[in-house]
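*Asks:* If you want the building blocks of each chain, they are given just below.
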Amino acid sequence: MSGSLAGGPLGSGDLLSLRASGPPRSGRRYDRSAFRSTLVAFGSTIVFFGLIGWVVVHAPNWPEVQRSFLDGAVWAQSVPDIVPAFLVNVQLFCIAEVLILVLALVLAVLRSLPGPVLFPLRLLATVYADVFRAVPGVLIIYLLGFGIPGLQIAGIPTDPFVYAVIALTLVYSAYVSEVYRAGIQSVHPSQEAAARSLGLTQFQALRYVVLPQAVRRVIPPLLNDFIGLQKDTVLVSYIGVIEIFRQSQIDQQAAFNYTPYLVTALVFLVITIPLARLVDVMIARDRRRFLAGTR
Amino acid sequence: MSRTTGSRGVGTTAGPSGQAPAGSGNGQARALRVEGVWKSFGATPVLRGIDLELAEHDVVCLIGASGSGKSTLLRCINLLEPLDSGRVFLEGEEITAPTADVNRVRRRIGIVFQSFNLFPHMSVLANVTLAPCKVLGMSQREAGERAVGLLDRFGLADKRDDFPDRLSGGQQQRVAIVRALAMEPDLLLLDEITSALDPELVAEVLNVIRELARGGMTMLIATHEMGFARDIATRVCFLDAGVILEQGPAAEIFSRPREARTQQFLQRIVEAGRL
Ligand SMILES: Nc1ncnc2c1ncn2[C@@H]1O[C@H](COP(=O)(O)OP(=O)(O)OP(=O)(O)O)[C@@H](O)[C@H]1O
Ligand SMILES: [Mg+2]
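Chains as they are written, first to last, in the numbering used here: chain V, 1 to 295; chain D, 1001 to 1275.
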């Protein structure tokens, strides 16, 4: 099982797709045909999934699979274990998310600073983004989670949870800083010129004029990255954090049955799908705004 | 006002008169002096030795074909573009000196762009108060009062809480002017501020400028609105291929241009029905 870190969360490409899509449809003219389309979509969905269901249930080995993945007793047993374990993922996610938002912003700002004097800072931020996007996240988690405590420096934390937070923060900050940077670059230079012409310093122009617009534009792609982060919290099970995935492994081994994994998958579905819908809604709203702005 | 003619510009980088008196002899203080300004983008020279002087309360219009360097000159004066050579003095003080504080200079020179460049994430009031608060260190209340006063004066009082995307082009451009005025600049640079507007909105913006001129604001205006230039300018400068080819009172430039290039340019304008 390789987490979605290896593929990398969605990045700045979203900004472009946000612009490239066509105008939104509206108006009464479409109402009747919209109703008909809904009916057709509904019908075809039922036929489609009905067919798949039929094929699966009539597969030669279905009863066997049903026993090992859909065992009611195991289900009832593992839910009380697994759902509380998910709280560990939630904690991990919340703490890392805040740290990522801050660190990534600092990195993005460093990379946007002009002038030859600041070249070392820009270089540092660039190397950081390259390194942490190049190395698979699981490896970073391993290296930090086993390597740093292995140094046995006095007073250094031994709780794997700490290293889990640090590893996820380091990896995701590299991605998120790129998203921020794309946002900063998408703000037209004339905005900065207008700010500077009023006497604002470079930093003030960034702080009051460029960043607020940049951040607003990248909220949907940021949320996409956080969907990725949510799922990648299971990767920290490798360094001994007992979270939802580790817990479901324990339950699976105890019951010799895979149903706990199904429970875990469902928990993620329930949490992630609303977030994904929210992102879609926000992207659609942004597109409308953008089109209104270019009118 | 002297009528100076000709492209004497080549190579007058550091003129003989390095010391610019703030309140000079003839009673009219010099607000702006531009001396031998050269500017290239890559290998293309855009400004080729510009000399220009504005007394206080002068309203000088820059006319000239597209690409003649009007915008570039304004951006150079506001230090948004670095000069290749030459000097710029604001009230006798060299603002192009390496020791000059760029941010302090820009507080004193307002610029309004063709494309408004309002901050879209801020209300009209916030657009106007941002610089007074952050740059001049005024309190929100003080800056707010000043802003409301100015918005009121230019018929924008009821728009203070709107965001720029809710305003017409003319209203947006008037807000941009108010935003520049809120810094109480010594000099206002206007770069074709009506070119992006629908014809019926041009008048409301030009009226604002007329009022500012009556109030004694020193202005350098790049414009394609010849009628407006004739009305308002104390002097018109014809910019051609990076030099000021001819300058003088509007009446003279428009009715008796000396240079062949100026005649051609005005001829084309007349043919286009814009004079
Ligand atoms: N940032 C830049 N980089 C490269 N070339 C530039 C830049 N800005 C202006 N130029 C070039 O400099 C020349 C003068 O441009 P400028 O915008 O000053 O002309 P203008 O007189 O304002 O024209 P218009 O009436 O069309 O606004 C043009 O040829 C333009 O292509
Ligand atoms: Mg121009």
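Derived by calculation from the structure, the hints in this document are not laboratory data.
Even for Gly, the Cβ is constructed at its ideal location relative to N, Cα and C.
Among the clues, some could well be false.
Unchecked claim - A short, non-exhaustive set of chain D residues, derived as facing chain V with CB atoms under 10 Å:
1) PHE1041
2) PRO1098
3) MET1138
4) SER1139
5) LEU1167
6) ALA1176
7) LEU1212
8) ARG1214
9) MET1217
To be verified - Over 10 Å on every C-beta distance to chain D, these chain V residues come out as not near it, computed from the model:
10) PHE49
11) LEU124
12) PHE132
13) GLY150
14) SER197
15) LEU198
16) LEU200
17) VAL209
18) LEU223
19) ILE283
What the hints assert, rightly or not - What follows is a list of derived Cβ distance ranges for each label pair:
20) PHE119(V) to ASP1162(D): 40 to 50 Å
21) GLN1264(D) to SER33(V): 58 to 68 Å
22) GLN185(V) to ARG1104(D): 55 to 65 Å
23) GLN185(V) to GLU1271(D): 54 to 64 Å
24) LEU124(V) to GLY1215(D): 46 to 56 Å
25) LEU266(V) to LEU1136(D): 25 to 35 Å
26) ALA1203(D) to LEU39(V): 53 to 63 Å
27) ARG277(V) to ASP1162(D): 44 to 54 Å
28) ASP1162(D) to ILE95(V): 37 to 47 Å
*Asks:* Any Cβ of chain D at or closer than 10 Å to VAL209(V), or is the non-interface label fine?
*Replies:* For VAL209(V), whose nearest Cβ neighbour in chain D is about 6 Å away, the distance does not exceed 10 Å, so it is violated.
*Asks:* Could you tell me whether the CB distance from ASP1162(D) to ILE95(V) stays inside 37 to 47 Å?
*Replies:* The hinted range 37 to 47 Å holds for ASP1162(D) and ILE95(V), with Cβ atoms some 40 Å apart.
*Asks:* Taking 10 Å as the limit, does the beta-carbon of ARG1214(D) come near enough to a beta-carbon in chain V?
*Replies:* Interface hint status for ARG1214(D): violated (24 Å vs cutoff 10 Å).
*Asks:* Does GLY150(V) clear chain D by more than 10 Å, comparing its Cβ with all Cβ atoms of that chain?
*Replies:* 48 Å, holds
*Asks:* Falls inside 53 to 63 Å, the C-beta gap from ALA1203(D) to LEU39(V)?
*Replies:* Once the Cβ atoms are compared, 55 Å apart, the range 53 to 63 Å for LEU39(V) and ALA1203(D) holds.
*Asks:* Quick check on a hinted range of 58 to 68 Å for GLN1264(D) and SER33(V), using CB atoms only.
*Replies:* 59 Å, holds
*Asks:* Return the status of the interface hint for PRO1098(D): holds when the least beta-carbon distance to chain V is below 10 Å, violated otherwise.
*Replies:* Violated - the Cβ of PRO1098(D) stays beyond 10 Å from chain V, reaching only about 15 Å at its closest.
*Asks:* Would you check whether LEU1212(D) satisfies its interface hint, that is, whether its CB is within less than 10 Å of any CB in chain V?
*Replies:* Check failed: Cβ of LEU1212(D) comes no nearer than 17 Å to chain V, outside 10 Å.
*Asks:* Against chain D, does ILE283(V) keep a CB gap of more than 10 Å to every residue?
*Replies:* 18 Å, holds
*Asks:* Looking at PHE49(V) again, its CB stays over 10 Å from all of chain D?
*Replies:* 43 Å, holds
*Asks:* Against chain V, run the beta carbon of MET1217(D) and see if the smallest gap drops under 10 Å.
*Replies:* 17 Å, violated
*Asks:* Taking the shortest Cβ-to-Cβ distance between LEU223(V) and chain D, state whether it exceeds 10 Å.
*Replies:* 19 Å, holds
The structure shown violates the earlier hints numbered 1, 2, 3, 4, 5, 7, 8, 9, 14, 15, 16, 17, 22, 23, 25, 27.
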